[in-house]
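Participant: One-letter residues, chain by chain:
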Amino acid sequence: MRDAATQTIQKSGADILIESLKEQGVEMIFGYPGGAVLPIYDALYKNPIRHVLARHEQGAIHAAEGYARVSGKAGVVLATSGPGATNLVTGIADAMLDSLPLVVFTGQVATTVIGTDAFQEADIVSITQPITKHNYQVKNVEDLPRIIKEAFYIASTGRPGPVVVDIPKNIATGMSSAQVSEEVRLPGYQPTTNPNYLQIQKAVQVLAEAKRPLILAGAGVLAAKATSELVAFAEKYQIPVTNTLLGLGGIPGDHDLFLGMAGMHGTYTANTAICECDVLMNIGARFDDRLTGNLADFAPNAKVIHIDIDPAEIGKNVPTDIPIVADAQKALIALLEQPITGPDTTQWLQKLTHNKNSYPLQYSTANKQGILPQQAVQLIHRLTGGDAVITTDVGQHQMWTAQYYKFNNPHNWVTSGGLGTMGFGFPAAIGAQLAKPDEKVVAIVGDAGFQMTLQELSLLQELRLPVKVVIMNNQSLGMVRQWQETFYEERYSQSLLHVQPDFVKLAQAYEIDAYKVETLEDAEEVFRKAFESNEPALIDCRVLQLENVYPMVAPGKGLSEMIGVISK
Amino acid sequence: MKRIITTTVINQSGVLNRVTGLLMKRQFNIESISVGPTEQAGISKMTFVVNVEDERKLEQLLKQLQKQIDVLKVNDITDKAMVMRELALIKVVSSPAVRSEIYSITEPFRAAVIDMSKNVTTFQVTGEPEKIDALVDLLKPYGIKELTRSGVSAFVRETQKAPAPQQLSIL
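Protein chains in written order, with the working numbering: chain R, 1 to 568; chain P, 1001 to 1171.
Calculated from the structure, these hints are not laboratory results. Bear in mind the structure is a predicted one, so any value in this text is a computation, not a measurement. Keep in mind that a hint or two might mislead.
[Unchecked claim] According to the in silico footprint, chain R covers these stretches of chain P (three or more CB under 8 Å from chain R):
| hint | stretch |
| --- | --- |
| 1 | 1016-1022 |
| 2 | 1093-1099 |
| 3 | 1104-1115 |
[As the list claims (entries may be wrong)] Result set (SDA-like, lysine to any residue): computed pairs, CA atoms no more than 20 Å apart in a straight line:
| hint | chain 1 | residue 1 | chain 2 | residue 2 |
| --- | --- | --- | --- | --- |
| 4 | R | K202 | R | L336 |
| 5 | R | K202 | R | Q338 |
| 6 | R | K303 | P | K1073 |
| 7 | R | K316 | P | L1138 |
| 8 | P | K1073 | R | T173 |
In this text, a Cβ means the ideal position worked out from N, Cα and C, and glycines have one as well.
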């Protein structure tokens, strides 16, 4: 009889990795090769898992974030050691702050030389520790199947987030007979998903007695796929809803109970509702400072119910009266199952409707020549019917898009919220389009942010995805310029881009159709033509340089101190 | 306010780094920290003494620690009946003329002499940090050449005098 160990097939770490990915249902990897990951790339060579070759690791990881956001599945990233790994840092931090599930594989120098400052060595595990949900360095090839399984489990359960798995080169080439399948056993990680019944009852009691209740819905609603439950709950009890920036799409943009976005560039109606409500029910939002403004002035008279899957978010920024640690969908289902009489919100809704009609989002066209960025966003909204997947960077164009593109669908909004990453929108659009090949994907980017990751035009050229890139070109770092105008006495220090490439020629160099538009009429014609085409396109949309995002809550001020509110 | 917090963690390389990194990131000030293996293989225990501003900060600290994948259990034992010990090694200048005087000081503290040379004596003392502070203060006038302290190790007593105050955690 032969020894059992000699019967089992020995596989390389790289092959085990690929097999584990297949077992996880991974359909594509975003990455960039290099010395330390060559064994893994070699294993990929003969394998059907699709690899998307970005032109910079930052492009790869933002694409994976876009993919994760619209597919709801973990985005998978592969990069080499050292500079490859450090180029991922921005995307990892971005995914951490926006709770996006990513599993990031980084190559590492061989275990025999770790710690010797070897060629392309960087201690990526220490570097990424504060910006990951968890991270690993694989020290034995036998551990690889277990670690990969744990990594996907951690990234995509509970509050989603990025997980880094660092694989030294000799682990990728090392041989093992370790089996792929193994149960996940993490005694220190057991997210609570079912709400506490007593807390649900307390919430119901508070809501029943409320006169001015308000729901603040964040990205947790989208992550938990709880949008239909949210709408059902709001409609059943006639409770108005406001969204955080990342929560947009949680309720249809044109729903009667929707007050618009809240926060720094939120609507007057939403922000005053937060100030005036007597019960604030936060579902899956983390009370970010861009949302709350000055905490002393935030929901001063409200009892706060906070539903969040991450217990550490509850009470972190805003004291909570009724904490509910749960998955948003499970909490809403539990709430819907409770019989509630009341609240009577008739008067409250009347007041909010009055505010909505009297203080809508608006802008003035008087004495202005050329395209207003708000008009451009509204045009994109009209031509896409509110159903396109929209990605953005950070800044003015992002806020105008959040304000004027009314999102109908829950998974159509991909933006860098927490970290505010310039250069995010364009690669994220590529990832989103790969996840949803049949949907219209529009990257609305600023001229400055686009220049941070525009090398991915090459990826777009290669894939011929029908992504439309609309550059809201105001020849400046718009939001920086706006703050300098408002808070730094118009000292435009380094915020005006006097020299720019010819974006049309640039796109043409990548064999991508490109247009420049300077009037609204031209814009309408060009957008329509581009949106109907099944080819990628870039539109350099020249917008007014000095247009500002209003209304606004100045930094340090409370939500009741909005500036730029105009009554109709 | 000063809190004594114990965490039970999975003993993997980098866990201490992960926990102290978390405290640094969240701006918690660690006064002392001690780590060592427990009776269970693969499980270690950390004891921190941390200064926090208020109860909310404390709750946040406990929750953030609990969130770490390698952390199995977090306990704030400050208000419980507990045993708490710290070890200090103190090297004191002690010429033969003052030696017996120094001994008379260290004796009530049950400090043991663990090394001696012509003009220097090294004491070992264990106890609560306040006791060690007191001894250090008394020995200072003679000249402390070197001092090292282990950081606090602690756990709760088997029998609690009164029911423990309610934990802040909402879980």
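Participant: It remains to establish, for every hint, whether it holds in the given structure.
Facilitator: Here is how each hint holds up against the structure:
1. 1016-1022: This one holds; 4 residues, not fewer than the three required, reach chain R with a Cβ under 8 Å.
2. 1093-1099: n = 0 at 8 Å, threshold three: violated.
3. 1104-1115: violated (count 0)
4. R:K202 <-> R:L336: Holds - the C-alpha atoms of L336 of chain R and K202 of chain R are around 14 Å apart, at most 20 Å.
5. R:K202 <-> R:Q338: 11 Å, holds
6. R:K303 <-> P:K1073: 31 Å, violated
7. R:K316 <-> P:L1138: 44 Å, violated
8. P:K1073 <-> R:T173: Given that 20 Å is the threshold and the Cα spacing comes to 37 Å, the pair is violated.
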